[in-house]
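**Student:** Just so you know, the sequences run in chain order U and C. Once you know that position 300 of the first sequence is 300 in the working numbering, the rest is easy, because the numbers rise by one and skip nothing. Once you know that position 118 of the second sequence is 118 in the working numbering, the rest is easy, because the numbers rise by one and skip nothing.
Hints listed in this document are in silico derivations from the structure and should not be mistaken for laboratory results. For every residue, glycine included, the Cβ atom is placed at its ideal position computed from N, Cα and C. Keep in mind that the hints are not guaranteed to be accurate.
Said to hold, decoys possible - For each label pair, taking beta carbons as the anchor points, the in silico distance ranges come out as: (1) U:Ile94 - C:Gly81: 54 to 64 angstroms; (2) C:Met22 - U:Phe105: 44 to 54 angstroms; (3) U:Ile72 - C:Thr95: 32 to 42 angstroms.
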Amino acid sequence: MAQVPPLPIGPAGVPGAVPDQLSVETTVQQERDLAQPGSAKADEFGAAPELGFWRLAVIRFLHHRVATGALIILAIIVLSAIVVPIITGDLYRIQDYRHPFKPPFQSFQHLFGTDDLGRDELARLLRGARVSIMVGVLAVVGYLLIGGTLGALAGYYGGWLDNALMRFTDIIISAPFLLVVIAITAATGGVRLTTVIIVIAATGWYEIGRLMRAQFLVLREQEFVQAARALGASNARIIVRHILPNALAPIIVSATLGVSGIILLEAALGFLGYSIPPPEPSWGNMLQNFEQYLLDDQAYLVVFPATALVITALCINLIGDGIRDALDPRQR
Amino acid sequence: MTFYLIRRVAIGILLLFLMSAMFFTLTRVTPGRPISVGENPKIHQSVINLRLHRLGLTDEQGNSYPIPQQYVLYLGALLHGDLGDSYVNHEKVTTLLLQRLPNSILLLGAALLVALAIGIPLGIFAATRQYSKLDITTSLVSYVGVSIPSFVLGIYLLLIFGVILRQSPLHWGFPLFGMHTGGVDDPIDLLYHMVLPVTSLAILQIAIFSRFMRASMLEVLHQDYIRTARAKGLSLEKVNYKHALRNAILPIITLVAIAIPQIVNGAIITEGIFSWPGTGQLAFQAVVDRDYPVILGVVMLVAAGTVLFNLIADVTYAVADPRIRY
């Protein structure tokens with residue numbers, strides 16, 4: 001663990017601290033300013049933070065050497081996954097029957113060698129990275145939309161919605177997730193990437209939903225929410241402007257870790273043949289013929305996609321932990 | 001306590017009903033009929049009708065029942081312990097499950113035990129020696145463990161023991177595939193067959209258990225009564241392993257219950273990779289064949305197991321920790 005030097009943290013740097021200073025005469029405008037820690041108007045009330053909460057978090061994150069390193073590696077992977085396929089075009093599916101199973105690191109033409117159909121392994125890896133990252137990001141956006149909304153409403157209003165959310169979670173938790181996703185994907189007919197993303201998002205959001213609910217349950221009882229209500233703020237306003245910004249930190253961490261979970265899940269689905277169909281490569285379906293490759297001493301065809309998968313997941317997990325430390329210094 | 005138990009069991013049963021309804025509907029609205037799997041295309045319509053009728057999907061004339069009616073029929077059979085027939089080999093799903101279940105319990109149970117036996121001590125030692133080399137190594141390893149899905153780990157293990165170490169004496173003769181020839185009569189051989197699949201399933205749980213145990217232990221170690229015990233002059237070992245450990249280890253009980261569906265998830269692919277004849281492999285094959293009664297059966301079995309283990313975990317927790325009252 002990298003030691004982080006202590007940083008100047010103003011009282012406004014801690015979420016939930018500023019609204020303590022609300023007085024009876026506070027107007028809606030002032031209250032709005034107070035809800036955003038570090039805004040200029042907050043200074044009038046005594047607290048004079050030098051840096052905002054999010055700026056401080058970024059600085060704290062960058063002091064976390066391991067997490068920053070992971071971020072750089074991930075950025076390289078993501079950038080090359082976006083840029084390189086644009087340059088190389090169809091290279092990932094151009095077959096060359098004269099040169100199948102070319103070993104890696106022998107020529108610059110095929111740096112990572114070629115696969116059973118003579119396709120360039122590096123181009124396929126990068127194309128596969130695209131699939132993994134796209135599924136991971138889009139499904140997490142789905143998590144945030146579904147889980148965030150339902151969790152917030154359940155935590156804020158309680159009642160039947162809360163009960164329904166908890167029971168749904170119980171059902172999903174006690175089922176083998178992979179089998180559920182496969183069953184639904186199969187049930188929707190053909191296996192397409194959009195289906196996979198929708199199914200993962202529709203079944204996996206409960207973790208963020210529960211987290212959001214827990215945050216809202218705690219925060220809705222806090223004094224700054226009562227103060228906002230006393231000032232005549234509507235429920236929608238309280239949820240979006242007052243509670244949500246304070247509830248975000250653990251959600252961001254969970255969403256980050258969720259991306260790596262989804263990437264691994266998508267790879268498992270691809271491995272079983274339930275993700276994007278060939279000839280489109282994904283890290284999962286590149287592993288499908290692993291037995292054949294291992295038996296025939298073409299281990300590099302197994303090692304590359306498997307290792308790419310592990311490195312990506314590891315980097316995302318490290319970044320997630322870095323964000324956790326950066327957003328909540330008390331946890332360290 | 002009795003009231004609590006009754007309530008929990010009732011909720012558990014309700015949950016299973018909800019789940020069966022959800023998955024039943026899901027599998028019945030699916031395109032594709034059970035007869036279409038690997039069937040002679042010249043088969044006569046009356047034969048199809050007869051089969052569909054036997055599967056409880058249609059009446060004698062071949063008109064399919066509405067889904068709610070099918071579900072009621074399914075539920076009625078379920079209450080008699082009948083999960084229906086497989087679409088593919090027309091065997092009873094319960095028979096298939098009972099054939100495979102012991103193998104899976106053996107594999108998953110061994111993985112869970114290994115994970116507990118390694119993960120918990122690792123977490124304890126990491127917490128009592130915070131920021132030591134052991135602690136840093138443990139957290140590094142657990143990071144990697146969490147980031148490797150069990151099927152990738154299985155493939156890596158096969159690569160290491162089957163390819164890289166094949167020529168060297170270091171591969172220790174671990175069989176790469178299958179279960180055993182001698183069955184329970186040959187426990188040594190069985191054990192050899194279990195090494196690789198158990199390892200690939202256990203690593204993730206070791207990572208989770210050790211991380212959780214470390215956090216839990218650290219939390220307890222920072223509490224006042226620990227400081228009091230130390231101030232009284234008790235030895236560090238006694239405070240750590242007697243006062244702190246007892247309280248820190250309790251939450252693990254809940255974690256074990258949560259771990260079960262996770263291990264099952266891993267087992268679906270791991271059993272396939274290592275050709276282990278368990279329910280995971282059965283489920284995987286059923287998914288490939290779109291054999292819905294079998295899929296439904298496995299899902300229900302796992303769900304029932306999870307509900308049961310959650311209940312056991314909560315009751316054990318209450319027994320182990322007198323502060324908890326229901």
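**Student:** Taking the earlier hints as the rules, which of them does this structure contradict?
**Tutor:** Checked against the structure, the only hint that fails is number 3, while the rest are satisfied.
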